[in-house]
Amino acid sequence: MDTTGIPVLDESLSPYFYQLPAGFNYRKNGSEFNSRQAVLSAMMKVIELAPSQLKPYENNPRQNDDAVGVVIRSIKEFGFRQPIVVDQDYVIIVGHTRYKAALKMGLKMVPVVIIDDLDPMKVKAYRLADNRTHELSNWDFPLLKDELESLDTGEIDLEMTGWLQSEIEELMTKYGDEFEPVSEDEQGRLDEKSPVTCPKCGHEFTP
Amino acid sequence: MSLHLDWASHKAALHAVQNWHYSRCMPSSKTVKIGVWENDRFIGVVIFSRGACANIGKPYNLQQTEICELTRIALDKHEAPVSRIVRIAILFLKRSNPGLKLIVSYADPAQGHYGGIYKAGGWIYTGKTENKPTIRIKGRVRHTRSVSSVFGSSSLPWLRKHIDPAAEMVAQPGKHRYLFPLTKGIRGKVETLSKLYPECPASIDGDAPVSQTGQGGSIPTAGL
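Residue numbers (the working numbering), protein chains in the order written: chain A, 93 to 299; chain B, -6 to 217.
Be aware that one or more of the hints could be misleading.
[To be verified] List of simulated lysine-lysine pairs, DSS-like, C-alpha gap at most 25 Å:
# : chain 1 : residue 1 : chain 2 : residue 2
1 : B       : LYS188    : A       : LYS285
2 : B       : LYS23     : A       : LYS292
3 : B       : LYS125    : B       : LYS154
Since the hints were derived computationally from the structure, they do not count as laboratory data.
Work out the full structure, taking the sequences as your base and the hints as a guide.
Here you go:
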């Protein structure tokens, strides 16, 4: 409770921020905020830093070199939409691939969010969890096929999505719904035998 | 969920067996192909074909044109029970081939199949077939007839010399045989051959019980 009588929630409650009711003040890093938006802005403040200021985490177990090309294409097409997340020493927590892409593209500045409210162990765990949670997600391939089909208007290169042309073709084949019912005439008759004509002598017989 | 069955093209059937059936190939004889659509999406095919050998009807005193074989149930992920899909497919078959009297089908224990869907569909179980000669060639186990058809001979020395030096005979257990009579007359005859349904084999690495009496072949996961 602060001097105004408005209850104050401590920053330790930040994981529950989105579940908290309105009508509270929030304290974070010694500062108090009087709205959720204000806290959110403080927590998620995006700043600009030069890629050279950022430090890749030296023990990053994620091998992402193969994804750099796709990310470069994505940034070129869609812009740099997801900030790189770093700790207070500018060591990257989330966004190693975007960092490598920025270096390759020669970007002078990149958007960055600094996390300063997690201890080093939690930062380490978050770094792994962020990658792992992506892996645990699955694709609904028929839906994916529908989405890719809806993009296939010729206006954009479908490989922008990160899916290779060969993979897209395989998806379209495997989950293609081009198979429509046909006439009964296309079926064989199992309850009768058709006469066969000998190609040499012309003799017709039923096998 | 909407379920729709209708006649399928050869191309659709081929796509289904190549993607959703362990054999990866179409039956070699004449076929009747019934496609399956769920929510307007093609999800597979049920294929009936002329018996693999001309004598297939002999044990039941039937001509080759009075009996057929259910040779493929090739389905992608689906919501409708397979037994329901097969039941509808049989209606299509009966309508288009009124001369048929009996359907035979086999469940291959080597593929982990024992015929749960036939049991669910009320098919008559008549025991296991005799062991069949098979050959492992180019990493795949094939029936000798299939080997002859694909490579031109099923002679092991010839195959070793010309196709695959590692080709070998493989002992293959018999398959479970199921019958589905299409007329009352033949039902009366084949019911005398009826045996108790085989038990569902336990999963090698799972905890599934060997017998799941009254459980319809699978035990649902308990709600969390």
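Status of each hint after checking the structure:
For the given pair, B/LYS188 sits about 33 Å from A/LYS285 by alpha-carbon distance, which is inconsistent with the 25 Å threshold. Distance hint between B/LYS23 and A/LYS292 is fulfilled; the C-alpha atoms sit about 23 Å from each other, no more than 25 Å. With a C-alpha separation of about 23 Å, the suggested pairing of B/LYS125 with B/LYS154 holds against the 25 Å cut-off.
Violated hints amount to a single one, hint 1; each of the other numbered hints is respected by the structure.
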